[in-house]
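Asker: So the chains spell out like this:
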Amino acid sequence: MKVDATIREIDIETVRKDFPVLSVKMGDNSIAYLDSGATAQKPLAVIERMKEFDSHQYATVHRGSYRLGEEATQIFESGRETIASFIGAKQGREIVYTSGATMSINLVAYGYGRKFIRRGDEIVISDMEHHANIVPWLKLCEETGAVLKVIPVTETGEFDESAFVKLLSARTKLVSITHVSNVLGTVNRVKELSALAHSAGAKVLVDGAQAAPHMKIDVSEIDSDFYVFSGHKMYGPTGVGVLYGKYDLLETMDPLLTGGDMIERVTFAGATYAPPPQRFEAGTPPITQVVGLCAAIDYLSAIGMETIEERERELLEYGSDLLRKIPQVRIIGTAPGKAAILSFVVDSVHPHDMVTILDGEGVAVRGGHHCAQPLMDRYNIPAATRASLAFYNTTEELDRLSAAIRKAVALFG
Amino acid sequence: MSYSSDLYQQVILDHNRKPRNFFAMEDSTHHCEGYNPLCGDKITVYLKVGNGGVIEDISFNGSGCAISKSSASMMTAFLKGKTIDTAKSVFESFHAMVTDDPGFDQAKSNLGKLAIFEGVREYPSRIKCATLSWHTLISAIDDKKEAQTE
Numbered sequence: 001m002k003v004d005a006t007i008r009e010i011d012i013e014t015v016r017k018d019f020p021v022l023s024v025k026m027g028d029n030s031i032a033y034l035d036s037g038a039t040a041q042k043p044l045a046v047i048e049r050m051k052e053f054d055s056h057q058y059a060t061v062h063r064g065s066y067r068l069g070e071e072a073t074q075i076f077e078s079g080r081e082t083i084a085s086f087i088g089a090k091q092g093r094e095i096v097y098t099s100g101a102t103m104s105i106n107l108v109a110y111g112y113g114r115k116f117i118r119r120g121d122e123i124v125i126s127d128m129e130h131h132a133n134i135v136p137w138l139k140l141c142e143e144t145g146a147v148l149k150v151i152p153v154t155e156t157g158e159f160d161e162s163a164f165v166k167l168l169s170a171r172t173k174l175v176s177i178t179h180v181s182n183v184l185g186t187v188n189r190v191k192e193l194s195a196l197a198h199s200a201g202a203k204v205l206v207d208g209a210q211a212a213p214h215m216k217i218d219v220s221e222i223d224s225d226f227y228v229f230s231g232h233k234m235y236g237p238t239g240v241g242v243l244y245g246k247y248d249l250l251e252t253m254d255p256l257l258t259g260g261d262m263i264e265r266v267t268f269a270g271a272t273y274a275p276p277p278q279r280f281e282a283g284t285p286p287i288t289q290v291v292g293l294c295a296a297i298d299y300l301s302a303i304g305m306e307t308i309e310e311r312e313r314e315l316l317e318y319g320s321d322l323l324r325k326i327p328q329v330r331i332i333g334t335a336p337g338k339a340a341i342l343s344f345v346v347d348s349v350h351p352h353d354m355v356t357i358l359d360g361e362g363v364a365v366r367g368g369h370h371c372a373q374p375l376m377d378r379y380n381i382p383a384a385t386r387a388s389l390a391f392y393n394t395t396e397e398l399d400r401l402s403a404a405i406r407k408a409v410a411l412f413g
Numbered sequence: 001m002s003y004s005s006d007l008y009q010q011v012i013l014d015h016n017r018k019p020r021n022f023f024a025m026e027d028s029t030h031h032c033e034g035y036n037p038l039c040g041d042k043i044t045v046y047l048k049v050g051n052g053g054v055i056e057d058i059s060f061n062g063s064g065c066a067i068s069k070s071s072a073s074m075m076t077a078f079l080k081g082k083t084i085d086t087a088k089s090v091f092e093s094f095h096a097m098v099t100d101d102p103g104f105d106q107a108k109s110n111l112g113k114l115a116i117f118e119g120v121r122e123y124p125s126r127i128k129c130a131t132l133s134w135h136t137l138i139s140a141i142d143d144k145k146e147a148q149t150e
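Top line first, the protein sequences correspond to chains P and D. For the first sequence, our numbering assigns the number 1 to the initial residue and increments by one for each residue that follows. For the second sequence, our numbering assigns the number 1 to the initial residue and increments by one for each residue that follows.
Treat the hints as calculated values from the structure; they're not laboratory data. Any given hint could be a false lead.
Unchecked claim - Now the in silico label distances, taken between C-beta atoms and shown as ranges: (1) P:E396 x D:L13: 42 to 52 angstroms; (2) D:P37 x P:T154: 44 to 54 angstroms; (3) P:D248 x D:K144: 34 to 44 angstroms; (4) P:K407 x D:N110: 50 to 60 angstroms; (5) D:N110 x P:D377: 35 to 45 angstroms; (6) P:M26 x D:L13: 18 to 28 angstroms; (7) D:T86 x P:K51: 34 to 44 angstroms; (8) D:L13 x P:A38: 22 to 32 angstroms.
Beta carbons: idealized from backbone N, C-alpha and C, even for Gly.
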């Protein structure tokens, strides 16, 4: 534990004991889990809270007037306040529970886009978006006749902001951009970009799936109209995510799903919808998952997001130094102040072979296009290997990553 | 022996480094592009089929991982001079081998050197890498426009 001693804020030994998966063996090695950008591991605090809720407090919400159901409803609803305060939203009713960031974006594309976006209007996204923030807009454009505009990305992996300004016009209705790139790690200046978009009269959606687990989010400061993220990338369970939206905007929107629990009154002549957030939550929601997400937020808050950011910055620096020392490695995404994501290519080793070799050494990383094919095209590569770090990783794991890459390079020559 | 060394044997590494029959054939009678959307591997297989269904020439080009590239390379080397019917039957055996089909019997198979890909069955996510060129071959023979792994 050489370098870890310098990181005083986190007691890494204790933290690692909080995550049972981190002690799983892969052959002779403990797993070096470097794929938290795809999905993060869960601390015991989350696992046990969900078990406790399911064991002693579970009932459906918003229906039964018996005490168990009322208590479950109260826990479920109070989660909105927990989440709102975690991301700096003004009110709990601005928090819509979804199944994940993908559904959150689809909800906006459907509920806002199909209602307010018309032929000839323009939607601005960027070269570095995840498919989840591309395909819903492609589909919307196809259906409405709106036009998709794309912010180019520079070689280091940053938005070309002057190109962005030129894309904005009175026709721009919506700007939908990622906060942190899942491939490049770039942390975008979403507050400034949001202000520029607003001055052109556009609404703004920020995809925070890769940001919320790793840094302090303040949606009031960013001032985006929408902000979305997923539970499972922030140490919570799958099947739950969040759409934050400014309340007056949510009020104007149509639901994506219709059915039970989202109505005021239903007759065979018609139905009237409940106000947000219920309007967007048809059917029985992911109740236990919401409880798990809130436990994850409590866990992260107890450590402190600034502490997490600092720890991950040190890990990134350490890992980047190691990778830069391997001449065959080219790091994709070198923006200053980037998040702890290390994507790279080696000409002689295809990412899928790299992943298999690394797996042989117990190092779990992801290889492929990372649901960002336009970005792969931008860098003229078919795929990349990505190590995505979390505060629970160690410098020793990064040493193993580097040694395994060297092994692959030597094998493929 | 590490976990991955049974997969990346020297023969496979060699075919990856120096793929055989690696060119776009100008005068092919059949060709088809195969694409694995999961990993972005893209391979085109070209055939020149003569009288009696004999594969007079066969080649491929494209990009992919070591497994897909070496599998394509070894496939072309193996099938040159054989008939289309043989190619189809070898495909069946190869597919059965890498998907661990209980009906597959190595001893009775017609795979020869291609048996080196047996280890792929231990890596479920890599099976499609090994079979991409074969699926593309069959689609080329059947004159389909493009092939995808199943």
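Asker: Does each hint hold? Answer for all of them.
Answerer: Hint check results:
1. Range check, P:E396 to D:L13: Cβ separation about 29 angstroms, and the 42 to 52 angstroms hint is violated.
2. Distance hint for D:P37 and P:T154: a CB-CB separation of about 28 angstroms, inconsistent with the stated range 44 to 54 angstroms.
3. Checked against the hint of 34 to 44 angstroms, the C-beta distance between P:D248 and D:K144 comes to roughly 54 angstroms, which is inconsistent with it.
4. For the pair P:K407 and D:N110, the supplied restraint of 50 to 60 angstroms is violated, since their beta-carbon distance comes to about 35 angstroms.
5. A C-beta distance of roughly 41 angstroms is found between D:N110 and P:D377, which places it inside the suggested range of 35 to 45 angstroms.
6. With their beta carbons about 23 angstroms apart, P:M26 and D:L13 fall inside the hinted range of 18 to 28 angstroms.
7. About 58 angstroms separates the C-beta atoms of D:T86 and P:K51, a value inconsistent with the hinted range of 34 to 44 angstroms.
8. Between D:L13 and P:A38 the beta carbon distance is about 28 angstroms. The supplied range of 22 to 32 angstroms therefore holds.
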